[in-house]
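Protein chains in written order, with the working numbering: chain A, 1 to 141; chain B, 1 to 141; chain C, 1 to 141; chain D, 1 to 141.
Because the hints were derived from the structure by calculation, they are not lab data. Any given hint might turn out to be false.
A pair holds if it fits inside one copy or across any two, identical chains being indistinguishable in the list.
Unchecked claim - Below, a list of computed lysine to any residue pairs in the SDA-like style, where the Cα atoms sit at most 25 Å apart:
id	residue 1	residue 2
1	Lys135	Gly53
2	Lys135	Leu94
3	Lys135	Glu121
4	Lys135	Asp10
This structure is a prediction, so every number in the text was calculated from the model and none was measured.
Protein chains: 4
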Amino acid sequence: MADDAQSVADRAVAALWAPDRASQGLGMQIVSVAAGAVSIRMTIREDMTNGHGICHGGFIFTLADSAFAFSCNSAGEATVAASGQIEFLEAVRLGERLTAAGRMLWERGRQGIYAVDVCREDGTLVALFRGRSHKISRPAS
Amino acid sequence: MADDAQSVADRAVAALWAPDRASQGLGMQIVSVAAGAVSIRMTIREDMTNGHGICHGGFIFTLADSAFAFSCNSAGEATVAASGQIEFLEAVRLGERLTAAGRMLWERGRQGIYAVDVCREDGTLVALFRGRSHKISRPAS
Amino acid sequence: MADDAQSVADRAVAALWAPDRASQGLGMQIVSVAAGAVSIRMTIREDMTNGHGICHGGFIFTLADSAFAFSCNSAGEATVAASGQIEFLEAVRLGERLTAAGRMLWERGRQGIYAVDVCREDGTLVALFRGRSHKISRPAS
Amino acid sequence: MADDAQSVADRAVAALWAPDRASQGLGMQIVSVAAGAVSIRMTIREDMTNGHGICHGGFIFTLADSAFAFSCNSAGEATVAASGQIEFLEAVRLGERLTAAGRMLWERGRQGIYAVDVCREDGTLVALFRGRSHKISRPAS
């Protein structure tokens with residue numbers, strides 16, 4: 001069956017990924033796709049380091065925000081972020097590969113709440129993200 | 001007098017800016033520097049757009065986070081972000097030039113709270129950021 | 001003229017205050033009312049103290065949330081909170097009188113963002129609140 | 001053995017509960033205690049309703065904040081809240097019995113991050129809370 005939730009998620013994520021210049025430009029890769037739960041990874045490059053010589057928090061947020069965006073768009077309806085809160089737990093260094101795992105916590109009508117855990121390859125948590133999403137339209141395809 | 005708060009801020013911001021590969025790589029420019037209040041601007045490039053064709057929220061957060069970082073480091077003590085909350089108010093499009101204006105709301109000992117307003121050139125608010133900072137060391141210079 | 005923003009705010013706040021068992025039961029008093037900006041005060045009672053012998057953070061949030069609610073309802077349209085973030089800055093003790101000053105930061109359509117500063121009588125900040133509001137209906141009167 | 005984590009948690013929660021005038025005054029009851037994870041319930045009373053005739057969000061936050069406080073103090077070291085973020089998902093009505101289930105998401109040194117889910121008796125989520133805690137002293141006993 002092509003129309004189950006997994007297929008819808010696969011197609012929605014692929015359709016959103018293709019024109020996503022930002023996520024691709026940062027070297028992100030999709031690790032896994034399920035309905036409401038997409039994981040993405042990214043390796044910290046030199047152009048992501050700040051004046052303290054560690055990864056700029058904005059890039060950790062951006063990775064989490066991408067995992068959030070793909071998770072909340074995985075039902076195939078155009079959805080945007082209304083807000084995001086991030087707790088920075090550990091400094092992240094050049095060359096580290098981070099994985100951001102998004103998942104839906106709650107959804108009703110056009111509103112949703114998602115959590116994203118950002119971890120190192122050894123599983124250490126480096127940031128916790130939570131965001132509120134808002135559907136802006138009916139299915140695009 | 002070289003040692004007033006303005007001079008300290010000018011020197012601290014310059015010292016943090018020089019090695020900041022992330023902020024420079026995104027084309028950010030410092031607009032103004034005062035003690036506890038730094039403004040930064042950035043123009044949205046194609047590599048900052050997402051799958052909906054608008055600016056990826058992560059880059060709006062990153063701009064705000066840079067204004068936060070320079071504001072909370074402007075006293076010359078190494079300071080990092082513990083958390084950040086952003087409210088996304090308006091979609092931002094390719095080519096728009098945003099300004100993020102940081103300011104200290106509160107500080108005591110090693111802890112601080114800062115707000116950052118992100119606006120278009122016409123003054124329209126596009127995002128509201130608030131973050132908690134934590135000093136990690138004594139003055140570096 | 002009875003229909004300017006101040007009169008609308010005065011009437012809206014009075015109409016919302018009358019049946020507000022929670023705010024009244026906690027001994028809150030309205031300090032000032034303006035369009036989008038309502039200040040409320042409350043004195044910390046014994047039944048607001050926690051196991052550490054200081055004011056339970058929930059009551060500081062509740063005071064801030066009331067100032068937020070009256071501020072975002074002051075245009076006369078029924079409006080509820082979608083989210084709230086609070087930074088606790090100082091311990092608050094039994095007998096202290098706090099004032100929570102709400103103000104609108106942004107509004108568009110049914111959405112709004114409000115800030116609330118919570119201070120002691122000497123002006124010391126004890127908490128910073130920010131919340132997102134959502135209008136649920138057209139004017140009730 | 002009296003010194004395992006469960007016994008420490010049982011004793012720490014009992015010691016913090018006894019003088020907690022706020023949680024007791026609101027009719028809260030402890031549902032379950034484990035290391036880093038305490039659940040508390042509360043029934044919405046008339047003096048918790050606001051001007052819209054529904055439960056004042058401050059009392060939902062206060063319930064969540066109590067579950068957070070007991071969870072983060074369950075290791076027996078005095079710990080306070082630095083911040084809290086709540087997403088209000090559903091209106092809560094007079095007479096409803098809510099359960100707030102806290103759990104540790106992360107801890108290192110004096111810092112911790114906790115999540116609290118607030119549900120109706122039928123399991124419906126009504127609010128999602130996340131907070132940052134800070135240990136203020138060494139073990140009190």
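Hint by hint, here is what the structure shows:
1. Lys135 with Gly53: For Lys135 and Gly53, the Cα distance is within 25 Å only across copies (16 Å; inside one copy 38 Å).
2. Lys135 with Leu94: between (36 Å within a copy, 22 Å between copies)
3. Lys135 with Glu121: neither (32 Å within a copy, 28 Å between copies)
4. Lys135 with Asp10: within (19 Å within a copy, 35 Å between copies)
The earlier numbered hint that this structure contradicts is number 3, and it is the only one.
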